[in-house]
Amino acid sequence: DSGVTQTPKHLITATGQRVTLRCSPRSGDLSVYWYQQSLDQGLQFLIQYYNGEERAKGNILERFSAQQFPDLHSELNLSSLELGDSALYFCASSRHRDEAFFGQGTRLTVV
Amino acid sequence: GQNIDQPTEMTATEGAIVQINCTYQTSGFNGLFWYQQHAGEAPTFLSYNVLDGLEEKGRFSSFLSRSKGYSYLLLKELQMKDSASYLCAVRDVGNNRKLIWGLGTSLAVNP
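Protein chains in written order, with this note's numbering: chain A, 45 to 155; chain B, 3 to 113.
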């Protein structure tokens, strides 16, 4: 158990809908990262937050947004969902300069 | 540009030794990570190199040459449970020190 908790584990939704994925980082970790992993793409970095502020942005679509709350948990919002958004979404957390610890992921299926 | 290259697939025999290579080109360098990922599961941290040389951790070792932009992960006494994808990731100095990920090497260990 990495100490990073993601909910829900599985999500099935229709095209055009909006979903929210939630992540609780390890105790004491200030950085939260969101990744998307689809079968043919590998891990794609989406966005990083550090202590409530956006720190770095990767290949995140405009339809996607995220935030980190004062208690350091984070949410990833995916809207106007398309079939191609079906993927595993991972959250990871880390302390300064340390390795990232990953949650078990949310498997999103858009039908 | 930024690029990380790893072989897509490798096959080895139980009990043998396998070396998985990773070459990288990034605008800056502040450490290289190796992660193991079983299908459908979260990546788990294996090793971290920031200085040149070999880091040994049980059956797994990782080597880094910064001048060559090259690393390898060495797995000894292979076990069936080592069948997984192995991901190489480089921490960039710029880009707010985010991790740049390779696509992973899928290792199959045969009896």
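Simulated from the structure, these hints should not be mistaken for lab results. Everything numeric in this text was worked out from a predicted model, so none of it was measured. It is possible that part of the hints are untrue.
Listed below are the simulated DSSO-like cross-link pairs for lysine-lysine, each with C-alpha atoms no more than 30 Å apart in a straight line [stated by the list, open to error]:
(1) LYS70(B) with LYS101(A)
(2) LYS101(A) with LYS83(B)
(3) LYS78(B) with LYS53(A)
(4) LYS59(B) with LYS83(B)
(5) LYS59(B) with LYS78(B)
(6) LYS53(A) with LYS101(A)
(7) LYS53(A) with LYS100(B)
In rising order, the numbers of the hints this structure does not comply with: Hints 2 and 3 contradicted; others consistent.
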